[in-house]
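*Asks:* Chain residues, written in single-letter form:
Protein chains: 2
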Amino acid sequence: MEYNKQQLEQVLYDIEPYTHRTPVLKSRLINEISGSDIWFKCENFQRMGAFKMRGAANAILNLSKEQQDKGVVTHSSGNFAQALSLAAKSLGVPAYIVMPDSAPEVKKAAVRTYGGKITECPSTLKDREDAANQIQQQTGATFIHPSNDTNVILGQGTAAIELLQEQPDLDFIITPVGGGGLIAGTALAAKFFGRNCKCVGAEPLEADDAWRSMQSGNIESNSSANTIADGLKTQLGDLNFPIILEDVDDIIRVTEAEIKSAMKLIWERMKIVIEPSSAVALAAVLKESQLFKGKKLGIIISGGNVDLKKLQEMIS
Amino acid sequence: MEYNKQQLEQVLYDIEPYTHRTPVLKSRLINEISGSDIWFKCENFQRMGAFKMRGAANAILNLSKEQQDKGVVTHSSGNFAQALSLAAKSLGVPAYIVMPDSAPEVKKAAVRTYGGKITECPSTLKDREDAANQIQQQTGATFIHPSNDTNVILGQGTAAIELLQEQPDLDFIITPVGGGGLIAGTALAAKFFGRNCKCVGAEPLEADDAWRSMQSGNIESNSSANTIADGLKTQLGDLNFPIILEDVDDIIRVTEAEIKSAMKLIWERMKIVIEPSSAVALAAVLKESQLFKGKKLGIIISGGNVDLKKLQEMIS
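Chains as they are written, first to last, in the UniProt record's numbering: chain A, 1 to 316; chain B, 1 to 316.
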């Protein structure tokens, strides 16, 4: 599939009424530690607390009026469930969310707050797909994948476009890699809106499917994923993987200790609440500091939805 | 003592090279909950993580060259120790900090990072004053009080000036009340820079010395102060109390549960790291929501220096 700059500009324009233009922060101390010059694009301040709002809004906006009337459906226990619910609510569209019955009550409550209609099912992928299929048949709702959907990918890319509008001469943009929507959209944004800007992914060693996929040229999966970066356990898809293969320069893998240390640094020094997945990008920059020395870097802080009760175990 | 608008404008101009102009944030959800329209002035993003940087910088700037060469001394185990150290470092001035030997190692480390020279002593007020006196005699350093100092008061007022420059038609500005420097400076800023802006203080019920002082007309102290808002345990002073009596409209007292609840709301919904003292102002707004209904409010988020390891007990 071919993408172009005008297409991304249109998406940025389209989603603007439904999303925040999030702030870009800097930290003198983290610049000193890293030896580079970092602009943090703070999607933790995005509506519902994560970049996923962008892709969800764009996906719904690209449905026909008839499709919108029938609603949207997804299966997710994470940020995309909240994002699709809130984007749908903002657009007056019904949202059906399939969640595993084991999902924490706090996540279900968040989806309900945003008006999503929850269907619970056992937590296997097959059960979740079956439940989503059944809802599609009963309601005519359109299935929206959290990361492997062209409009979702383009929507996620708008965070990097906004960042490059503020700071056009970035040498690198670094994002965490989960299902691949954010990094694919960011890679397109870097290609079309950067001057000579490379896109680099960051991934937990404990869930390094994207790194292995880049090596093998095929979509690999994780047999286990014992990481605190719980948003990054998913695998790439056939729509975002070709973009990643073509436009992502490298993927850097980091340990759990490196993720925790980067997360603590951001909480303590920047005074912002971020989720563990968001810390993975800074962890990668600190790990490969020679590569980034003296460079201008953009880091996408992907989100801030974290259970404060679990903070202690996350940083210790 | 008389104060005027030109004097405060000059302070804002003077400290500008040594401080950040901190961002102002809004939260749609907190506006819905409170029924008012709130602008949060985020001094947690200030250098060293708290508004105290402003007063410390202004106090040192108002010393003569001879005084600056001999250095400054204070006794504090909190944010002012860090603020005076960093302000002194920025201005090439020696800083001597008297800290109780019981102070947490993390706080001592922060002072050292900013170049402050620590003298440890037993934790009684008399021991601290004796140690500070001795340093003054030995070095000729000037003692700077954390809150009861005219230049400190004027410096702290600059946060509210910046807020009113962005949002000139605020009906109220609400700040926490500890030693009285922030609220006195804010009250002056509201009087000189607001259109018809009242200044209101917020205080823990467990350390309500300022509320009692307003009632009695004398500076009262706390016999105990069992509050998580550990920055607010100190009492008012003879320089800030007259300003407070004249220009502060009211002081609202809140329970520990109300402080924790407001703190959690800000962490979870605004995704910013604040210290418990900072949550007291929002707690007051939520408690007296009838008073503030439909009004435009400024809240000074005083700082973000919190021990993450203690977060669990703070919010539970």
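No lab work stands behind these hints: they were computed from the structure.
Careful: at least some of the hints might be erroneous.
Treat identical chains as interchangeable: a pair holds within one or across any two.
To be verified - Pairs of lysine-lysine residues, derived as DSBU-like cross-links and limited to a Cα-Cα distance of at most 35 Å, are as follows:
id : residue 1 : residue 2
1  : Lys5      : Lys309
2  : Lys70     : Lys264
3  : Lys309    : Lys65
4  : Lys26     : Lys126
5  : Lys260    : Lys65
6  : Lys287    : Lys65
7  : Lys296    : Lys89
8  : Lys296    : Lys126
9  : Lys65     : Lys26
10 : Lys264    : Lys65
11 : Lys26     : Lys309
12 : Lys70     : Lys198
13 : Lys108    : Lys295
*Asks:* With reference to the structure, classify each hint as holding or not holding.
*Replies:* Hints versus structure:
no.	hint	verdict
1	Lys5 x Lys309	neither (43 Å within a copy, 46 Å between copies)
2	Lys70 x Lys264	neither (44 Å within a copy, 37 Å between copies)
3	Lys309 x Lys65	neither (42 Å within a copy, 50 Å between copies)
4	Lys26 x Lys126	neither (43 Å within a copy, 42 Å between copies)
5	Lys260 x Lys65	neither (45 Å within a copy, 45 Å between copies)
6	Lys287 x Lys65	neither (48 Å within a copy, 44 Å between copies)
7	Lys296 x Lys89	between (38 Å within a copy, 27 Å between copies)
8	Lys296 x Lys126	neither (44 Å within a copy, 51 Å between copies)
9	Lys65 x Lys26	between (42 Å within a copy, 33 Å between copies)
10	Lys264 x Lys65	neither (45 Å within a copy, 40 Å between copies)
11	Lys26 x Lys309	both (27 Å within a copy, 25 Å between copies)
12	Lys70 x Lys198	neither (40 Å within a copy, 51 Å between copies)
13	Lys108 x Lys295	between (42 Å within a copy, 33 Å between copies)
Taken one by one, the earlier hints fail for this structure at numbers 1, 2, 3, 4, 5, 6, 8, 10, 12, listed in ascending order.
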